[in-house]
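Participant: Take a look at the letters that make up each chain.
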Amino acid sequence: MLSVTNVGRRFPGGVQALHDVSLSLRESDFVALLGPSGCGKSTLLRLIAGLDQPDSGRLEWNDGPPRSGDIGYVFQDATLLPWATAEDNVFLPLRLRGESRETAMPRVHAALLGVGLAGFEKARPRQLSGGMRMRVSIARALVTQPRLLLMDEPFAALDEFTRHKLQADLLDVWRQAGCTVVFVTHSVYEAAFLAHRIVLMTPRPGRIDREIASSLITGPDTRLDPAYAALVADVSRAMGEALR
Amino acid sequence: MMKWAPVLFGLLALGLWEATVRIGEVPVYLLPGPIAIVGAFIADPIGLLQALASTLFVTFAALFVAAVLGATMAIAMSASRLAQAAIQPWAVALQVTPLPAIAPLIIIWVGEPFVALVVCATIVAFFPLFANTSTGLASAPPELNDLFRLYGANRWRTMALLRLPAALPFFLSGLRISGGLALVGAVVAELVAGSGGFASGLAYRILESSFRLEMPRMFAALVLLALAGILINFGLGALGQIILKWRGGT
Numbered sequence: 172m173l174s175v176t177n178v179g180r181r182f183p184g185g186v187q188a189l190h191d192v193s194l195s196l197r198e199s200d201f202v203a204l205l206g207p208s209g210c211g212k213s214t215l216l217r218l219i220a221g222l223d224q225p226d227s228g229r230l231e232w233n234d235g236p237p238r239s240g241d242i243g244y245v246f247q248d249a250t251l252l253p254w255a256t257a258e259d260n261v262f263l264p265l266r267l268r269g270e271s272r273e274t275a276m277p278r279v280h281a282a283l284l285g286v287g288l289a290g291f292e293k294a295r296p297r298q299l300s301g302g303m304r305m306r307v308s309i310a311r312a313l314v315t316q317p318r319l320l321l322m323d324e325p326f327a328a329l330d331e332f333t334r335h336k337l338q339a340d341l342l343d344v345w346r347q348a349g350c351t352v353v354f355v356t357h358s359v360y361e362a363a364f365l366a367h368r369i370v371l372m373t374p375r376p377g378r379i380d381r382e383i384a385s386s387l388i389t390g391p392d393t394r395l396d397p398a399y400a401a402l403v404a405d406v407s408r409a410m411g412e413a414l415r
Numbered sequence: 004m005m006k007w008a009p010v011l012f013g014l015l016a017l018g019l020w021e022a023t024v025r026i027g028e029v030p031v032y033l034l035p036g037p038i039a040i041v042g043a044f045i046a047d048p049i050g051l052l053q054a055l056a057s058t059l060f061v062t063f064a065a066l067f068v069a070a071v072l073g074a075t076m077a078i079a080m081s082a083s084r085l086a087q088a089a090i091q092p093w094a095v096a097l098q099v100t101p102l103p104a105i106a107p108l109i110i111i112w113v114g115e116p117f118v119a120l121v122v123c124a125t126i127v128a129f130f131p132l133f134a135n136t137s138t139g140l141a142s143a144p145p146e147l148n149d150l151f152r153l154y155g156a157n158r159w160r161t162m163a164l165l166r167l168p169a170a171l172p173f174f175l176s177g178l179r180i181s182g183g184l185a186l187v188g189a190v191v192a193e194l195v196a197g198s199g200g201f202a203s204g205l206a207y208r209i210l211e212s213s214f215r216l217e218m219p220r221m222f223a224a225l226v227l228l229a230l231a232g233i234l235i236n237f238g239l240g241a242l243g244q245i246i247l248k249w250r251g252g253t
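Protein chains in written order, with the numbering used here: chain A, 172 to 415; chain B, 4 to 253.
One chain only, chain B, in its complex shape (with noise of 0.2 Å):
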């Protein structure tokens, strides 16, 4: 019965919501019912999907980035306290600065609507995956450290066999965290770059389906989009637990 709670709730809710629809007579360009919103889906299965995947590709290709940056970062940062006084600062600055303002810039300075895109999303997805490389990097007992001293390990091979197996659980769930953010940054620079950008994404979609009032479809994709978030959250949360399970530990 737990088991299938969520499912049973979810078709309660969405019921309710039909109904209230159906019986208040509420006007579909205020608030379609699901089943209109079903219908916007199936008028045009291939032209949304297409968006979602465009949405996707800007999307892994910004998490791929965060993840090469985040970590390499963090790892010189670690390494080097004269690299953590020059990296720091700016990494908390670019994680304050919020990504509307500083997207159009983006935009225009790079040109190349997808790569824009890219930047801005790894712009909102890489602080996680630094802070917590970092934090991962620094959470070997000092024991463990004092054990690599006496035996005369350097400061690389202690890197390699201490702080960077150590760092891994901290660094996947960075990615977690950083997936879903990966997902709102493409969306966010979608959003503000409109047709100035890559104009085939799902939110580019949902700017369309607005100024045509084609509410049904504008949910439709939303629906979507919440869904590629879920299934990014589980499917890194699984990716890291079948990696920490290879490895062996937590």
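Chain A on its own, in the form it takes in the complex (with noise of 0.2 Å):
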């Protein structure tokens, strides 16, 4: 689907953000991209959606560049329009895109229906818990049915139980969508719990130190699984061993 390759980033003020990253993304792959603070994982991210140029290297479309709406972002915030409902919020991108309301409403409505807030249509933000606004915030990267969705970091802000269940819920969106995730976390379990590949990034200048493939198929129990344990302890090895 997409080939970076020997990609670099240096920022005004001298500081690299990323040297020679090579990654390639095929289809459905479910890739998280794991590092700690400032080791480039959302510079590459925005590279990758094309809100950002690199100074070197070059990042290649099998089928082109994309069009609008075949890129899905979620932030680390919901950061949805206050003053819109959830309806409205997901409206957006197809609004964005000229698409009249009425066309476009039974997709949003099954795009809200898919992360489980049918119901909410009218509610505005405010109105909404955390997890409940990140709910709204991926059904609105999917409405446009993307082939590729970007998440930065999404359930950083979230308390461990909603993280837990929006984790599980991702996964369950993901399979029946289809689409390319590339997803940014600092956590090694969410790492291991969601992505068949977990690529390592290691900071200052952030670079790609290793691929960690995944066979976990996820399921209700997985936490307790002593494979999924397993598979914490050598991606945290690894970690480690990278950031020595």
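It is possible that part of the hints are untrue.
List time: in silico EDC-like cross-link candidates among lysine to aspartate or glutamate, alpha-carbon distance up to 20 Å [to be verified]:
1) K336(A) - D392(A)
2) K336(A) - D396(A)
3) K248(B) - E292(A)
4) K336(A) - D248(A)
5) K248(B) - D259(A)
6) K293(A) - D259(A)
Listed next, the stretches of chain B that the computed footprint assigns to chain A, with coverage defined by at least 3 CB atoms under 8 Å from CB atoms of chain A [what the hints assert, rightly or not]:
7) 137-147
8) 150-156
Just so you know, the hints here were simulated from the structure itself, not pulled from any lab data.
Note that the structure is a prediction, hence the values are computed from the model and not measured.
Quick reminder that beta carbons are idealized off the backbone N, C-alpha and C, glycines included.
Fit chain to chain and form the complex, with the hints in mind.
Facilitator: Next comes the structure, spelled out in structure tokens:
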């Protein structure tokens, strides 16, 4: 789907955020970018989204450059329009593409249903909990049926119970949507639970240290599964070595 | 009890004031008591209320012009770096220039007294609206700006669907501040203009009363001005609340 080859990014002021990063994304991948704060995970996500440009290297899309709606983006905060209802927030990407409200509403309601928010269409962000706001944000990213979903530490600000529920629900949504997901996190547990490919990044300058494949089939009891515990141990060990 | 505390305190203060001027036999041309002030109002309610209406007319005309100019210039500035470079220094210069220093010039240049007073009051009321709207237009989180870019929204669509709605609470807050300032500007302009101005506003009545040593009438005009200022402040605050409640969100 996308090849990132030898990409580098230096910010004004001389900070080298990324150095010689190469990564290949395939259809229906679930990739976790794992690393400590400041290792360039979010910068890499922004480069993939086209929100920033690399200073060196290149990004190549196999099927040509993405069109509006081909990429969905979920930020660390839900970043909803506070004055708009859940429905209008999810409608936003379609509205910006020029679609009419009438034709878009069935897909908007389906997206809200898909994230478990049926019945909350007219609620405004301040009437929703943090977890529900994040669900609206995910519905907004999915409503265009993107080929690639980029998620930048979306559950980092949530409590553990909500985070676990949303992680399980995200996997359900991903299986149904069939899109490629790149999920930025600094949690080894989260990366091990969600992703099939865990890409470890090291800081200053941000570079990819190694990639760990996971064959874990995630279900309700995964967190109690010794294979999950072993994977967490492997990833933690690898992260420790990478940061040494 | 808490609800009535300000009223009780006010009545107590007025009682003390009246008692002080009576017991101390303070001359009325120095400090009239509340009863004398009410008496001065009752003696000519229509004259004073007409003067108040005249001042309020200037105030609201200036507030309207300041709102249109402030919002338009803030939008222009936020849409273009060139406009920002061109406008911002002049806006600051306008804010720091004392109105009494330039009011005589404006009154001479403009000629028409009503328009001159509106121009003077607009200068005072302009800056909070301009500054608040500018802040509001830049207040949307960068992530939302990124999201609009990601979905291919152009500059004007981003302005209409993100930046203007984000700026609305800031604009309404500026409107509330500028409401009071427009009244201050109108009064200052009337005072500077004197008999060369509109010659019908409350400030002119205050000047006239002071020349004639009609202190109770002067105080009655001052009380009307204070009440008008309070009503403008609360009225614009309530209007802002209604608009934001109707629009949804904060």
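Participant: Between the stretch 137-147 of chain B and chain A, see if three or more residues pass the 8 Å beta-carbon test, and mark the coverage as holds or violated.
Facilitator: Per the Cβ count (3), the hint holds.
Participant: Run the distance test for K248(B) versus E292(A): straight-line Cα separation, threshold 20 Å.
Facilitator: holds (18 Å)
Participant: Is K336(A) within 20 Å of D396(A), Cα to Cα?
Facilitator: Judged against 20 Å, a Cα distance of about 17 Å means the pair holds.
Participant: Given the proposed pairing of K293(A) with D259(A), does the C-alpha separation stay at or below 20 Å?
Facilitator: It holds: about 8 Å lies between the C-alpha atoms, which stays within 20 Å.
Participant: Does the structure keep K248(B) and D259(A) at a Cα separation of 20 Å or less?
Facilitator: holds (17 Å)
Participant: Taking only the CA atoms, is the gap from K336(A) to D392(A) under or equal to 20 Å?
Facilitator: holds (12 Å)
Participant: Take the stretch 150-156 of chain B, compare each residue's beta carbon with every beta carbon of chain A, and decide whether three or more fall closer than 8 Å.
Facilitator: holds (count 7)
Participant: Between K336(A) and D248(A), does the CA-CA distance stay at or below 20 Å?
Facilitator: holds (17 Å)
The structure agrees with every numbered hint stated previously.
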